[in-house]
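J.: Next come the chains, spelled out residue by residue.
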Amino acid sequence: MAVIGILDVDLCGPSIPRMLSIGRPDVHQCDSGWVPVYTDAAKTLALMSIGFLLEDPDEAVVWRGPKKTAMIGQFVSDVAWGELDVLLVDTPPGTSDEHLAVLENLKKHSRVDGAILVTTPQAVSTGDVRREITFCKKTGIRILGIVENMSGFVCPHCSECSNIFSKGGGEELAKLTGSIFLGAVPLDPLLSTSIEEGKDFIQSFPDSATFSAISSISQTLLESLQTA
Amino acid sequence: RKNCPGTTSEQAGKSSSCAGCPNQKICASGATKAPDPAIAEIGEKLSTVKHKILVLSGKGGVGKSTFSAHLAHTLASDSTKEVALLDVDICGPSIPRIMGLEGEQVHQSGSGWSPVYVDDNLAVMSIGFLLSSPDDAVIWRGPKKNGMIKQFLRDVDWGDLDYLIVDTPPGTSDEHLSIVQYLSSTHVDGAVIITTPQEVSLQDVRKEIRFCQKVKLPIIGVVENMSGFVCPSCKNTSQIFPPTSGGAERMCADLDLPLLGKVPLDPRIARSCDEGKSFINEVPDSPAAKVYQSIVQSIQDYCSNRVTEEQSTS
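Chains as they are written, first to last, in the numbering used here: chain A, 1 to 228; chain B, 1 to 314.
Source of the hints: derived by calculation from the structure; they are not laboratory data. Glycine included, each C-beta is placed from N, C-alpha and C at the ideal position. Among the hints, erroneous ones may be present.
To be verified - Each computed SDA-like pair below joins lysine to any residue, with the alpha-carbon atoms no more than 20 angstroms apart:
| id | chain 1 | residue 1 | chain 2 | residue 2 |
| --- | --- | --- | --- | --- |
| 1 | B | Lys144 | A | Lys199 |
| 2 | B | Lys235 | A | Lys138 |
| 3 | B | Lys235 | A | His157 |
| 4 | A | Lys199 | B | Gly246 |
| 5 | B | Lys262 | B | Ser294 |
| 6 | B | Lys50 | B | Ser184 |
| 7 | A | Lys138 | B | Asp136 |
| 8 | B | Lys214 | A | Glu55 |
| 9 | A | Lys167 | B | Pro232 |
| 10 | B | Lys14 | B | Ala28 |
| 11 | A | Lys167 | B | Gly276 |
| 12 | B | Lys235 | A | Glu55 |
| 13 | B | Lys33 | B | Asn23 |
| 14 | B | Lys290 | B | Arg271 |
Unchecked claim - Part of the chain B face toward chain A, derived, beta carbon under 7 angstroms:
| id | residue |
| --- | --- |
| 15 | Lys59 |
| 16 | Arg206 |
| 17 | Pro242 |
| 18 | Cys273 |
As the list claims (entries may be wrong) - Estimated spans, in silico, between C-beta atoms of each pair:
| id | chain 1 | residue 1 | chain 2 | residue 2 | range |
| --- | --- | --- | --- | --- | --- |
| 19 | A | Gly168 | B | Ser185 | 22 to 30 angstroms |
| 20 | B | Ser286 | A | Asp58 | 32 to 40 angstroms |
| 21 | B | Ile26 | A | Asp31 | 32 to 40 angstroms |
| 22 | B | Pro284 | A | Glu104 | 44 to 52 angstroms |
| 23 | B | Arg250 | A | Leu88 | 29 to 37 angstroms |
| 24 | B | Gly6 | A | Gln29 | 51 to 59 angstroms |
| 25 | B | Pro284 | A | Pro57 | 34 to 42 angstroms |
| 26 | A | Ala80 | B | Pro284 | 56 to 64 angstroms |
| 27 | A | Val27 | B | Ala19 | 23 to 31 angstroms |
| 28 | B | Ser47 | A | His157 | 52 to 60 angstroms |
| 29 | A | Thr44 | B | Ser286 | 29 to 37 angstroms |
Chain B extracted, bound-state conformation:
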């Protein structure tokens, strides 16, 4: 509805544009402004999760899920850490395949839904596990997607975790607002933003950065994926996705954000993802794997520094 003041605003149900809207009575009654009780429940449930990291991008196809999966694998390579990966890309859930968990199903117990375990210390949840066929489409509008995300946060039995990583779809819409809203009574360490070098990607990534600023989500840093390709035959580098406006490097300098790393294109990355394996395990000495390792280290440092700061101020 044009000029809708918003269901949670002071003017909800009362402004002149509300006249004739079927929801006018509900908004005017104040029911839409009451906080969702799930937010407090989720705050309680996730109190045993030490660090929460969101992986975001403005643009599709830049390698968010690939990154999220490898962040999870690398953090979990320390067997003393408990790691979980939550996939909230409701329409395009890629995480099950990338983590080698295609065809797995979720089980319910008294304490909620059990996530699917890759290893003893690495758990995964995705709507992919709730679909019975690889052809099933999730044709849901915003409100239904939001409900699913709420369930993932409130009803999954995550247990005690060192890290909860949340992989998101591209954009700045329902999924992103919901994740931030439902996590609002917990502490989120921050967001890692993924881009590719070209301006067409950066243009959308800047919007994502604005979104983070709007919802007061700290930005851990930016990862530039698909950053150059070294031909395996002649060893020359080609910029397949050219950084015509200076790439993530210039954008980060302009916006005063950390550039966590530049990951080169490597055909073995796509192959590992298709096969459900960790690229970092498969080809640990490759240039791309080394960059990934360094990025993960920076993220870990950021998370532990936050804890140190909190301890010193309390």
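Chain A with its partners taken away, still in its complex shape:
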């Protein structure tokens, strides 16, 4: 069974704890640093997020760049992840302090295999992701591929597909920039509800189109990581 770690460096808006139904456990220290929070008894999914360090969940983290950089440095260096197959780092939007901090600190400890870029289909979104691609090129990060999220909505009542946020922009962006298109994930109220309630969508809805989209993306990624 693969052991995965998730590092949530969105300091102002840490969403991962809720999505994995982790609540607000205490973070403990051991000899080798902070112990990450495990989502399961088998300890196959570990998480670190600033969400765990806030006394009050509504408390705003109103920090300027240097303080954010320092925190992220600690998250990378001082968390006792143990043996991991994959460390996933979730970032906030942008190309600023958090992104530079996490890269600089990760590179000190090990190589960074690459970045997955997530966009929604419309031009307003891909317009920003083009800049993120430039960020990756400038910082020497391999682009593992582009995911087009919120790609179409199939009405559960009549099966009509509506392209609420347009369609195809992610795939076009991949072509334009010579990147791999990993796949498109549709808008799915079942996925949104699962995320809200911290339920494992994959366990709850294995027959859905969304599951097969995410599954295929993960497969492609794992193969790509192995051949690197």
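Start from chain A and add chain B according to the hints.
T.: The following block gives chain B in isolation, referenced to the frame of chain A:
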């Protein structure tokens, strides 16, 4: 640095945690506590701006820029009003595209930078206009972003304005602190906070609300975007982003804040933004456009009521 007391605190440079910090001497000298002269300059420069509205959100992707753009368009539809939209999302400047101004450049003159005009009475400024290619990335840390925001406020020749709308990136960080700091010697009418219905968004929006309270920024109200989707084929409604914890409605009731409106999802909104057109102009009779109109009216009323209050107390 751990336990840094803060460069502007009384303990700056003097606390025990300061020992060994390269900035210790500077902090101890008091230089970091002196107010930035730009604040007064900006106060002066923006004295001809009647109303200032910030558009904020805790969460990314909830439709802040879409809202800011349409607020600007709607306010400017009254040709007697002068409106400007300032985009301080330095890393992800979407406003040029949404306003149909991609590829435009900013000009300098004796009186400063000229904003780019959409119409005679609607001006826009964004870092997007300073970038030469759509692939250019602005890979800047906080201090450099702050400097740009200072320039936007101090060096742009806005002229006399009825409304200055400021679109921000998601979060509660440099851009937000700087905007509030640099506008501190002007009067800011307040902030409009954008969210989507689900708890994952509201969780971050509550933090944004705390931020506003911390910096004493009045909150005009909350807009809930992506609030339901009516299938164009069968007309049934789906809650794509379900309000599992009661949506903005419950949050506003809990926090005693006005809910300005709930805007439904409409594929024509994304399309209009991609094409640089005003959705409200393109499809004025759509349910979403009607909600937008009503929200803008509430914002206008809030702004004029503030003026009336001030006049009656002075």
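J.: Provide an ascending list of the numbers of those earlier hints which the structure does not satisfy.
T.: 1, 2, 12, 19, 24, 29
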